[in-house]
Every structure is written in C-alpha cells, then in structure tokens.
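Peer 1: Produce the complete structure using the sequences and hints provided.
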Amino acid sequence: MRLPDAEALCADLVRKLRAAVRPETAMVGIHTGGAWLAERLHRELGLTVPLGRLDISFYRDDYHKSGLHKSVKASQIPFEVEARHIVLVDDVLYTGRTIRAAMNELFDYGRPESIDLVVLVDRGERQLPICAQYCGATQAVPKGAMLRLGRDEGGRLALRLDA
Amino acid sequence: MRNPQLDARGELTHLLTLEGLPREIIVRILDTAESFVGVTEREVKKVPLLRGMSVFNVFFENSTRTRTTFEIAAKRLSADVVNLNIDTSSTKKGETLLDTVDNLSAMHADMFVVRHSTSGAAHLIAAHVGPERHVINAGDGRHAHPTQGLLDAYTIRHYKRDFTALSVAIVGDILHSRVARSLIHALGILGTPDIRVIGPRTLLPTGVESLGVRVFNDMRQGLAGTDVVVMLRLQNERMGGPLLPSAQEFFKYYGLTPEKLAVAKPDAIVMHPGPMNRGIEIDSAVADGPHSVILPQVTFGIAVRMAVMSILGGS
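Quick mapping for you: the protein sequence lines, in order, are chains A and B. If you're matching positions, the first sequence starts at 1 in the working numbering and goes up one per residue. If you're matching positions, the second sequence starts at 1001 in the working numbering and goes up one per residue.
One thing to keep in mind: the hints can contain errors.
Stated by the list, open to error - Mimicking DSBU-like on lysine-lysine, the simulated pairs with C-alpha atoms at most 35 Å apart in a straight line are: (1) LYS1075/B with LYS1093/B; (2) LYS1160/B with LYS1045/B; (3) LYS16/A with LYS65/A; (4) LYS1045/B with LYS65/A; (5) LYS16/A with LYS143/A; (6) LYS1075/B with LYS1160/B; (7) LYS73/A with LYS1265/B; (8) LYS70/A with LYS1160/B; (9) LYS65/A with LYS1075/B; (10) LYS1045/B with LYS1075/B; (11) LYS70/A with LYS1075/B; (12) LYS1265/B with LYS1252/B; (13) LYS65/A with LYS143/A; (14) LYS1093/B with LYS73/A; (15) LYS1046/B with LYS65/A; (16) LYS1160/B with LYS1093/B; (17) LYS73/A with LYS1075/B; (18) LYS1075/B with LYS1046/B; (19) LYS1045/B with LYS73/A; (20) LYS70/A with LYS143/A; (21) LYS1046/B with LYS1160/B; (22) LYS73/A with LYS1160/B; (23) LYS1045/B with LYS70/A; (24) LYS1260/B with LYS1160/B; (25) LYS73/A with LYS16/A; (26) LYS1160/B with LYS1265/B; (27) LYS70/A with LYS1046/B.
Honestly, the hints are just simulated from the structure, not real lab data. Note that this is a predicted model, so its numbers are computed, not measured.
Peer 2: In structure tokens:
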C-alpha cells in the first residue's frame, strides 16, 4: 500500500493553519507521533506559547482491559489552559478514543475556551463522535494494522504501516 | 518456583518485597512515578485510572504517615478508599487474619494495603485472595517495606541519577529495620556498587554481609566519601534495653551531626524514612540543613505509591 508523504501533508497543514492561528494560540501534541508533528507545526507557524505535550496513558479507557501502558511519559502543559484556545495535534485519527482521553486530561488543567483538532491522517472507523478541523489526508487502512508516524535522526517525518 | 508477586505472564500482581524482583519492574515503577509527580501540580490533582475500584488500607500495626500517603495515592487515582485500623484487641475477639481478609473481600475490595507486625503476613494474604485482587505490603515485621524502599530509590535517582557510581550508607538500627532491608535489595538490583551499613554490633543482624553490604561500627569511617546517607529511626521502646545503653550515648556515636556529615561527599544527600527523633539519630542542624531531602521523600512517596497501585490495578 502506498502511504501519503508525511512531509508534504505537514507542509499542507502549515498552509491551512497559518490563517487560523494567532501567535498566542496554544498547541498541544499527543505522545509520541502527535508530539513530533506538533513540534514541527509549532516551529513553522512561529507560535510563541511554549508547546504542550500529553501522554494520555492515565486517561485511557482500556486500562481495566489492557493495564497501564509500559512506558508512560510525563505530560507537560507549560501554559494556563483556563479560557485559552487550544490546537490539539495527533498523527493519526482512528477510533477517536485517544482524542477523548486527551480532552479529558486537558480539562484537568483548566477549562479551555475551545479546542481544534489537527491530524496528519484520518483513517476513518470512528467509534466516538469526534472529527478533525484540520486534516492532511484520509487514508483507509486494513483493520488490525497500525498506521504510525515515525521520525528519523534528521528529523524527517514518515508514515509507516505495522502489521 | 514462580515469584509469588508475579502472574503467569511475569507481570507484577502483588508487591510484597523487592527481593528478587526483576530490575525492569523496579525501573518501570520509578519511571511511572516520575509521570505522576506532575499530576499533583494540576488544578485537578486526580487521574481516573482506578475509578470504580476499592482500596482497603488494612493496618494491624499503627502508622499514620504510611497509611495517609497510601490513602492520598489511592484517592488521586480516583479509587474509593476504606481505612481499617485493626489493633490486636479486635483480633483477640477470635477472628483469624484470613477470616478478616475474606470478610473484606466480600465487601468487594480490589486491593489490600497491609501492614502487620508479623513478617510474612502480606504473603499469606496474597496467597489466599483470588487472582483478581492485589496485595501491597506496607510493612511486615522486620521483613520488608517495599514501597518505602522504592521511594528511597526514587529519591536517590532524582538527586543522583546514576546508581552505578554511588556509595550509599544506611545508619542505625539495621537489626529491626524492614526499611533497611528493602532499600538494600532495591540498591543491589539497581546496580549500586557500594552499599554500607553503619551501627553498633548489637543493632546489626549477624550475617548482614550476605546482602552485599560493607559493615562499619565507626560512623566516620563508614560515612567517608558517601553520596547518600540514610538515617533510620531508633525506636524509643528499644532504649535502655539490653541492646542500647542510652539515647545520649547513641547520639554521641551514631547521631548524624554536621561534623560527622562533613566526611561524606560535599553534595551528599541525607534521607530519613520518618518519623525522626531529633537529637537521637539526627541533629536538627542536619535534618533542616541543605543536605536534607527528607520532606521531598514524603512527596515522592505519594507518586511512587500511585505508580505501584496503577500498575497492579491494571494487571
């Protein structure tokens, strides 16, 4: 299967977002792929509020089935969430459960004014009423396969499909 | 024989002792705890992991501090918490330990945090409850106090990063100390090359060297060049007994004063599991001084207990 070029999608997202963000817009990336994408967008858009990162392990809805994720990273939200417009960034939008968990976690920091969702790829198959305001591409993926964003040593982003 | 703390897949399902635990399990607990430290700085200091689960703190031996930190940890994970102080008088009514546990299980306890004056009590309960229930040893007799050992290891890692270059001294009543035993096991598993125990002969267990420690009776010799000094609480009830002549004499030889601490490394940290006896095992000038990390230990203890509970609760 030919996957979309992550670098091209990223450049496209920067174009789409440029009109929508202000310097004081806050951005939050979801570990790990979403945080890589957010780092890139944050830099290219010249945002001044420091980038936030979320590890949603403590908010996952499958904890009682699958247990705690093996390698949990600390979430860092280095700005006041209360009454702020937040751009939430993830690499792949799928069931919507990760985004639900991320929004629950964000609300534990304060009550944002609004949240927009930015994703590189939407692979469909949603299980919750969640949609992205900014999306690089839609790409159907066989059930059971994992579509992920990778980053090489030079910082280049690329999509890959894990069986 | 399988380690009774691990399930068939090798995942931690009870925490009874640090002895014999795989290094990666200890590192995972410490890493997870690091992520929980940030949770307490948020507006909502809670995560929903243990929502719907009930944690029973069952203390057959009194300990306000340990019970409170377990209670806070469970509440920050959104669990329902029930505290039971079962002193010896109620067990004198005739109910056995396992009958008590069965009754609490019938009240839908998902996790037991157990403190008992008898070594092995937590093991006995873990072997008795079904696979869907988890047991955390919060101190059993002289045997083990694994979450204290983990929070001590967390504190050392926080300030010193790398265990493989460290010299750690544990000072005082090693003989009666489950804190010392658990810390010695944790340090050994994490690769600490130089672990020392310092105390009078009467308060050092015979054969303590077999745990991989060096033994010192002279405190200045023992503290020379150490990175970490862990002071143990001297239990008042042992004073004046056959093992110890007097508090004053103990302080003279084994109390941590600025003068004795001066032979440790200049950036050495001083730890104490609490509650402290000022003027017996530690001088106030040290307890409140720049080397002391005694209060951060308490804060880290909550994050470490959250990490243990969240790993067990999901297993």
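Peer 1: Determine for every hint whether it applies to the structure shown.
Peer 2: Results for each hint:
Distance restraint check for LYS1075/B and LYS1093/B: the Cα-Cα separation of roughly 31 Å lies within the 35 Å cut-off, and the hinted pair is therefore satisfied. Pair hint LYS1160/B plus LYS1045/B holds up; C-alpha atoms about 27 Å apart against a cutoff of 35 Å. A hinted pair counts as satisfied when its Cα atoms are at most 35 Å apart, and LYS16/A with LYS65/A does not qualify at roughly 39 Å. Taken as a hint, the LYS1045/B and LYS65/A pair is honoured in the structure, with Cα atoms around 24 Å apart against an allowance of 35 Å.
Taken as a hint, the LYS16/A and LYS143/A pair is honoured in the structure, with Cα atoms around 30 Å apart against an allowance of 35 Å. A hinted pair counts as satisfied when its Cα atoms are at most 35 Å apart, and LYS1075/B with LYS1160/B qualifies at roughly 30 Å. With a C-alpha separation of about 32 Å, the suggested pairing of LYS73/A with LYS1265/B holds against the 35 Å cut-off. Taken as a hint, the LYS70/A and LYS1160/B pair is honoured in the structure, with Cα atoms around 24 Å apart against an allowance of 35 Å.
For the hint pairing LYS65/A with LYS1075/B, the CA-to-CA distance comes to about 21 Å; that is within 35 Å, so the pair holds. Restraint check for LYS1045/B and LYS1075/B: the C-alpha separation of about 9 Å stays at or below 35 Å, so the hint holds. For the hint linking LYS70/A to LYS1075/B, the alpha-carbon distance of about 22 Å falls within 35 Å, and the restraint holds. With a C-alpha separation of about 21 Å, the suggested pairing of LYS1265/B with LYS1252/B holds against the 35 Å cut-off.
Taking the CA atoms of LYS65/A and LYS143/A, the gap is about 20 Å. The hint holds against a cut of 35 Å. For the hint linking LYS1093/B to LYS73/A, the alpha-carbon distance of about 49 Å lies beyond 35 Å, and the restraint is violated. With a C-alpha separation of about 21 Å, the suggested pair LYS1046/B and LYS65/A falls inside the 35 Å cut-off, and the hint holds. Restraint check for LYS1160/B and LYS1093/B: the C-alpha separation of about 50 Å exceeds 35 Å, so the hint is violated.
A threshold of 35 Å between alpha carbons decides the hint, and for LYS73/A with LYS1075/B the separation of about 21 Å falls inside it, so the pair holds. Taken as a hint, the LYS1075/B and LYS1046/B pair is honoured in the structure, with Cα atoms around 7 Å apart against an allowance of 35 Å. Simply put, LYS1045/B and LYS73/A have alpha-carbon atoms about 17 Å apart, close enough for the 35 Å limit, and the pair holds. In summary, the hint linking LYS70/A to LYS143/A is supported, as the alpha carbons are separated by about 24 Å, within the 35 Å threshold.
Only pairs whose Cα atoms come within 35 Å are accepted, and LYS1046/B paired with LYS1160/B is accepted, the gap being roughly 29 Å. Of the pairs offered as hints, the one joining LYS73/A and LYS1160/B holds, with about 20 Å between alpha carbons and a cut-off of 35 Å not exceeded. For the proposed pair LYS1045/B and LYS70/A, the alpha carbon gap of about 22 Å is at most 35 Å, so the pair holds. A hinted pair counts as satisfied when its Cα atoms are at most 35 Å apart, and LYS1260/B with LYS1160/B qualifies at roughly 21 Å.
Between LYS73/A and LYS16/A the alpha-carbon distance is near 30 Å, which keeps this suggested pair within the 35 Å criterion. Note on LYS1160/B and LYS1265/B: the hinted pairing holds, with a Cα-Cα distance of about 12 Å set against a maximum of 35 Å. As the CA atoms of LYS70/A and LYS1046/B are separated by approximately 20 Å, the hinted pair is consistent with the 35 Å bound.
Consistency with the previously given hints fails for numbers 3, 14 and 16, ordered from lowest to highest.
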